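This is what each chain is made of:
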Amino acid sequence: MSILHTVNKSPFERANLSSCLGHANAGDAIMLYEDAVIAAMNGTAFAARIADAAKGCKICVLGADLKARGLDPANVVAGVSVIDYAGFVDLAADNASVNAWL
Amino acid sequence: MSILHTVNKSPFERANLSSCLGHANAGDAIMLYEDAVIAAMNGTAFAARIADAAKGCKICVLGADLKARGLDPANVVAGVSVIDYAGFVDLAADNASVNAWL
Amino acid sequence: MEDDFDGGTVKKFMFVNRKAPYGTIYALEVLEMVLISAAFDQDVHLAFLDDGVLQIKKGQDTKDLGHKNFSPTYRALEGYDIEKLFVEQESLEERGLTAADLMVDVEVISRADMAKLMGEMDVILTA
Amino acid sequence: MEDDFDGGTVKKFMFVNRKAPYGTIYALEVLEMVLISAAFDQDVHLAFLDDGVLQIKKGQDTKDLGHKNFSPTYRALEGYDIEKLFVEQESLEERGLTAADLMVDVEVISRADMAKLMGEMDVILTA
Amino acid sequence: MKFGILVNEGPYNHQASDSAYQFAKAAIEKGHEVYRVFFYYDGVLNATRFSEPPTDDRNVVKNWQKLAEDHKVDLVVCVAAGLRRGIVESSLAPGFRISGLGQLIEAGIQADRLIAFGD
Amino acid sequence: MKFGILVNEGPYNHQASDSAYQFAKAAIEKGHEVYRVFFYYDGVLNATRFSEPPTDDRNVVKNWQKLAEDHKVDLVVCVAAGLRRGIVESSLAPGFRISGLGQLIEAGIQADRLIAFGD
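Protein chains in written order, with this note's numbering: chain R, 1 to 102; chain W, 1 to 102; chain E, 1 to 127; chain H, 1 to 127; chain Z, 1 to 119; chain G, 1 to 119.
It cannot be assumed that every hint is accurate.
Ranges of calculated distance between the beta carbons of each label pair, as one might list FRET restraints [what the hints assert, rightly or not]: (1) W:Ala93 / E:Pro72: 34 to 42 Å; (2) Z:Arg97 / R:Ala74: 42 to 50 Å; (3) H:Thr98 / R:Gly27: 34 to 42 Å; (4) R:Asp84 / G:Asp56: 42 to 50 Å; (5) H:Lys58 / Z:Asp56: 19 to 27 Å; (6) W:Met1 / R:Ala96: 53 to 61 Å; (7) G:Pro94 / H:Arg111: 42 to 50 Å; (8) Z:Gly102 / E:Ala100: 30 to 38 Å; (9) R:Ala51 / H:Gly59: 22 to 30 Å.
Listed below are the simulated DMTMM-like cross-link pairs for lysine to aspartate or glutamate, each with C-alpha atoms no more than 25 Å apart in a straight line [what the hints assert, rightly or not]: (10) W:Lys67 / E:Asp64; (11) R:Lys67 / Z:Asp56; (12) G:Lys62 / E:Glu32; (13) G:Lys2 / H:Asp122; (14) H:Lys68 / R:Asp94; (15) E:Lys63 / W:Asp90; (16) H:Lys63 / R:Asp84; (17) E:Lys63 / G:Glu52; (18) Z:Lys2 / E:Asp41; (19) W:Lys67 / E:Glu32; (20) H:Lys57 / Z:Asp57; (21) R:Lys58 / Z:Asp112; (22) Z:Lys62 / H:Glu32; (23) W:Lys67 / G:Asp57; (24) R:Lys67 / H:Glu90; (25) H:Lys63 / Z:Glu52; (26) E:Lys68 / W:Asp72; (27) E:Lys58 / G:Asp56; (28) Z:Lys2 / E:Asp64; (29) W:Lys67 / E:Glu94; (30) G:Lys66 / W:Asp90; (31) R:Lys67 / H:Asp64; (32) G:Lys72 / W:Asp90; (33) E:Lys63 / W:Asp52; (34) E:Lys11 / Z:Asp74; (35) G:Lys2 / W:Asp52; (36) W:Lys67 / E:Asp101; (37) E:Lys57 / W:Asp84; (38) E:Lys63 / W:Asp84; (39) H:Lys58 / Z:Asp57; (40) R:Lys58 / H:Asp64.
Keep in mind that the hints were calculated from the coordinates and are not lab data. None of the values given here were measured: they were computed from a predicted structure. Here a beta-carbon is modelled for each residue, glycine too, at the ideal position from N, C-alpha and C.
The task is simple: from the sequences and hints, build the whole structure.
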């Protein structure tokens, strides 16, 4: 059964996202929101890990949280989808369970 | 002027301690307390960095926080001092300022 | 008891502990959650990974801290028929710990197996 | 104004911003602290490092979030004679940013120079 | 689909309660049911009757109250977590109710998905 | 020596207020003066009059009150941070006072050391 993993902290500040990536199974989805959205951006020290994770998992990022932080939704890592809260709800519905990496 | 740096988060969970180590000057003191005390223990994946930092800085750890977590004060990295709250107060008094890495 | 609540639905619950005890309250309040869950006859799993492995470290002594030492409660879980405790091997190793350092009987599993196990759950509560 | 408070003591204050805005309130409430400090005629320094560099990223738009966008206040600091803003080069680079991405005039300095500057302060408040 | 929502942090200091609220609103707008919002840990602080945020910012407590009013969402505050933190009947905002932690487990059983927002 | 202490987090959820209290007590025991304890961010929640923790645990609010009583320590809650989070005169525990953020800057000027405890 596929899981929606949610991560809301910056990978530069906390280990949540690393831990999540270490436990995500192929076919799972990962939702980046709040301060985690920086992880979705091109050109950061974390970008390669996200690009790699996007090969096995569906990775999404919340557009509202990107925009609030002045981060350009057009500049996310290839393979990452920018979605809104409605899309977030769809992800939770489409996967069998939700694991919030708090 | 020397600084007392305080760190209260586990280096496995947060970047506070790494950031602190990157900004501590030779002769500064570093106080590990609360969840940061795991960083002072021998045998962890972080121990080598603490041993290295102890060459330039005075590193102390709060005994009460070690004991609460079942960590043996006799098993801390060589060069790290186990102190009590009174010792913590002395460190704050003996350095020119306190920088809490929150 | 199942019937009292919802006609016998039994879900696989997993409580995932990722944080050290005492620095924050999550370990204690998750434990309160786990105890309550016993009354609902669900299929309860406890996972300890990352700093969460410290929650079940032997020899906790909070006297000098003024906090309540709640760690004996982990040993009481068996009495509530909560017996599926899983600890992640890699998390222990990073912290210089082994299963001998833990106060309760647990199954030590690899990160890969932990990930698989998570995939079998209906409800996952992480703190 | 100095004399009103304490006979003219002027200390070097540094407000260190290490956290992203909006995910937590620290950025906003540190800014409120900085504005108040202006009334005390102290030697005020602002440092942005780690995720704190995101606080002064250009183009913040919180409309879809429901939060107040407080970032224009950083541009108003000059009017309060708060002009010593330091940003750490390494923190920018890790996040794929350059000084051109920032909304205010700052001095970009290395981590080593940031450490030295911290050593010259009397009071350091980090969040 | 039925959603259960768990809120772990208080208002303003963390974005968690804002995100949870936006998620709940979006779920309802898409025709889903929000079976219950359960406030645990510092999340109980969302239910204070004394919050008076600046008028140019969002009002987190009022947002929850309006959601409950408009869509009959069940807002439950954990009694034990509330006692520690000073959220009791005399400090509780209208629209919230205080109950036991069993209400969270029950939400986990009854709802199709349980989703948590925290720090 | 004069210490100023800043408390950034609320009681129970984080150890910060416990650590700050233990530090303050130890400083006083060593003959230092605690010039002021300032409660900011979620730290204002330490001043709630409604907290009723389990009897087998420490009582954080009472610890602060006793420190103020025994040693005349000035416990100041930030008015703006308190308004957001529901700490106002009608929810304030005795022994604390509400004032402006200037009291923190003043503590930074007057005290020999300012030390912060938080998350």
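Item to check | Unmet hints by their number, sorted upward, for this structure | outcome: 14, 28, 33 and 35
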